[in-house]
Amino acid sequence: MIYFDNSATTKPYPKAMKTYMTVAENYFANPSSIHRLGGEVEKLISTARKQIADLIRVNPAEIVFTSGGTEANNLAIKGIALRHQTRGKHLITTEIEHASCYESFRQLQQLGFDVTFLPVDRKGCVSVQDLQNEIRNDTILVSVMHVNNELGTVQPIQGIGKLLNEHPKIFFHVDHVQGIGKVPIQYEQSGIDLCSFSSHKFHGPKGVGFLYVRSGVTLSPLLHGGSQEFKHRAGTENIPGIIAMAKALRLTIEKSKYEMDNLVQLKDYIRKQLSEIEGVFLNTPEDYSAPHIINFSVPGIKPEVLIHALEERGVFVSTKSACSSKSTDVSRVLEATGYELERASSAIRVSLSFENTRNEGERFIQILLEVIDNLKKVMRE
Amino acid sequence: MIYDHIIVKYGELSLKGKNKHHFVNQLRDTIRRKLKPYEGVTVKKAFDRMVIELHGADHELIVEKLQEIFGIQGLTLAVKCDLELENIQKTALEALKQAGPAVKTFKVSTKRNYKQYPHDSQELNHLIGGYVLKNSEDITVDVHHPDVEIKVEIKPEATYISCIDYPGAGGLPIGSSGKVMLMLSGGIDSPVAGYLTMKRGIRVEMVHFHSPPFTSDRARQKVEDLTQVLTKYGGAIKMHVVPFTDVQKAIKKQIPDNYSMTIMRRYMLRITEKLAAQNDALAIATGESLGQVASQTLPSMNTINEVTNLPIIRPLITMDKIEIMEISRKIGTYDISIRPYEDCCTVFLPSAPKTKPRREKANRFEQYMEIDTLVEEAVNNTETVHFKEETETRDNAFEDLF
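Those protein sequences? They're chains A and B, same order as listed.
Residue numbers for the first sequence follow numbering that gives the first Met the number 0, so the first one is 0 and each next one is one higher.
Residue numbers for the second sequence follow numbering that gives the first Met the number 0, so the first one is 0 and each next one is one higher.
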C-alpha cells in the first residue's frame, strides 16, 4: 500500500496509540474531581499542556484543548467576532480557507457581520497589499490559513503579521492545521493572536486538537458549562486524546529535524516526474509551497475515476480536501486561482508525510503512468 | 540566524569593589549550569561583561534562559564579521532586518578601537547607514530616538555588530547573599516573595505546613509545582514539609476562636526558626502584604513577630495585590497558585479572626499549651524534599506516556 493522502489524515504513530490505550485504561478519573485520582489526571493534562507549549515555544496558559481543527477554527473565528463585535463587525479572510473557517464566516455573515473574502493569485497566494486595501476602522479579525490544504501554497503570514502590527485593534488568526511540523511558524514574531492545530494531521488520534490563544486575548466560548480550559471551552477533557496528541506532536517535531530533507527530495522527485508526463499539469506552485503537498490535474480524466484506478493498484491519493470531496462541484480553491473549469475539476492531490519513502515515490509514478495510459485507451474506445 | 554571540552586561554588579570577582564567578557558574544542555555554547569572562558564544545554538532560546538569571542587567545580541567594509555593511543590514518587523527608524554608532582602519567613525556611520537605507524599505534614520541603534565596533581582529538588546532580570547573582527560609503557602503571594528574595542573591529553602487529612495531596502538589518553577531562578531548592495537624488540633481545642489564627502563625514562626537554625539560614521570608488579610495588619504582625528575633524579610509588604499578581504571571507561578485547594491557613479559618490582637493576650492564651513539645515534634517529623532545576519538568511515572 502506498498512502499518499496525509493531508486528509495521517496514520497514527503506534507509540501514540499505546499512550492512548494506557491513559484510557489507567487514568480514567475526571480531572476536575478533587480526590487523588482526579489529581493525577489533572497532572497528566498539565504535563501535556506544558509539553505542547514547549514544542511550539509558547506558554502553557496559551493552549486551549479542543475536539479538533474544526472546533479550533470555529472557536477562534466566532469567539473573536462575538466577543468583540461592539468594536466593529468587519472580518477579513480569503477565498481559499478550509471549510471549517469558510463556513464559520458564512454563518457570521448571516448574523450581520460584514466579511471580505480576499482573492488569490494563480499560485493560490493572497496578497498583503490586497489585505491592506481592505482594512477598515471597524475591522476586528483577519483569518488566513498558513498552508493551503489543496494546493500546498504557503501564505505570507509574517508579512500579514507585520502589516497588522500597525493595526493593534485587529486580531490575527492563523489556521496552521496543514503546516505544523512541515512549515515552521513564529507565533509571537508574526503577531499571531490565535492559531489552530489538529492532532490527526500529525499522526495523533482523531477528535482532538488545540487552539493557541495569545495571553491577553479574550474570546466568547462556543461551549458553555464548566470552567475547563481557562473557561474557553467547557466539557470534560478528552484525556487519552490529549496525552496521545502531546506524544505525537513531540515525535513529529523530532522527525521534522532529520527527515525534512528526505521529504523535500521526495516532493521534488514527484514534481519533476509529473511535469514530464504528457497531459499532466502541476497546480502547486514551485516556490512558496509546503514540502508535502503536490496538486496536479489530468484534464480529460475524471479525478474520481483516476483515484479508483490508482486504488485498485494499492495507491491512495485524493481530489480536494477530504472534508468537501464528497460534493461534486469543482474545487473552490482551484477556482479561486483562476484555472479554467476543466483543470479545476480534474485535480488530484498527493500529500506526503515523513513516513513516505523514495521507493514509494518511484512506484507511484510508474503506476500512475500505466493507469493514465489505460484510461486514455479506454476512453478513446 | 546570523547572530553568533550574546554580550551579558552586569549592571549593579559592576559597582562592587574588591569582592566583585566573587559575584562575577558566582554569576558565571549559574550561567554555565543553565546553558549546559545547549551543546557548543561557551561562556567567557571579559572585562566588565561576559560573552556567550552561540556556535549555532538558537539565540532566542538562550536569551530566554539568560533572562531567568539574577545579576544580569541586560543582554545584547551580536554578530562578528571581518574588517571588509562591504561585509560590515551587509552584516549590519542583516542584523537590522532580524531586529523585528516593527522597526521604522535606526541609527548607526561606530566605535573604532582599531585606529589604523582606513575610515574614521563618522565616515563609517555614513557608509553603513547609507548602505542600509539604500537596501531597505520604509526605514529612515533618526539620530535622536531610533527604534534600533546599530552598534558597530571595529577592533584589530574583527568587527562586532549588534542591534538587539534584551532586559535582564536585574538583582544580584544567586548564592551571593546567604540563605533564608521562605514560608510557602501555595497562594499567589509567597512564591512572588520567594522570587524577589532570590533577586537579591539570596538562596531560599521552602517551609510548607501540611495538615493531612484536612489538606490534600493536591495542595501539597501545588506547593511542589511552585517550588519547581522557582528553581528556574534559584537553582536547586530544598523544601521542608512540616506536619502541622497536631498543632492545629491543639489550637482548635485550647485557644479562643478569634485568636486561633494569630497563635497558629506564632507556631509557624517558631517552627520555621528551628528549621532555620538546623539549615544555617539567618532570616525568614514571607509573602505578607500590609492590610491584605487579618494576619497582615500591623497589630497582627507585631503580635506574631514576638516569638522570634530572626530578621523577617517581607518583600511584598508595601505592594498592591495587582502588582503582586503581575509579577506572579511574569514568573509563571500564577496559574499554579490559583488552583483551588484548601491549605492549612484556610481549613481552620475562624469566622472572625482578630485584626488587632495583643501580645499580652496571645501570651496568656498560650501559657496552657505545651509549646516546646508541639514545636519539637513538628520539626522532628519534618520531611525534606529536594528540587533540582529541570530543563523539562516531567513526572517519571508518566514519562513513557509522553
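Hints were generated in silico from the structure; no laboratory data involved.
One thing to keep in mind: the hints can contain errors.
Only part of the chain A face toward chain B is listed, based on derived beta-carbon distances under 8 Å [to be verified]:
(1) V22
(2) T46
(3) Q106
To give an idea of the chain A side of the interface with chain B (calculated C-beta under 10 Å), a few residues [said to hold, decoys possible]:
(4) N58
(5) N132
(6) R135
(7) P284
For every residue, glycine included, the Cβ atom is placed at its ideal position computed from N, Cα and C.
Comparing the hints with the structure gives:
no. : hint : verdict
1   : V22  : holds, 6 Å
2   : T46  : holds, 6 Å
3   : Q106 : violated, 33 Å
4   : N58  : holds, 8 Å
5   : N132 : violated, 17 Å
6   : R135 : violated, 22 Å
7   : P284 : violated, 24 Å
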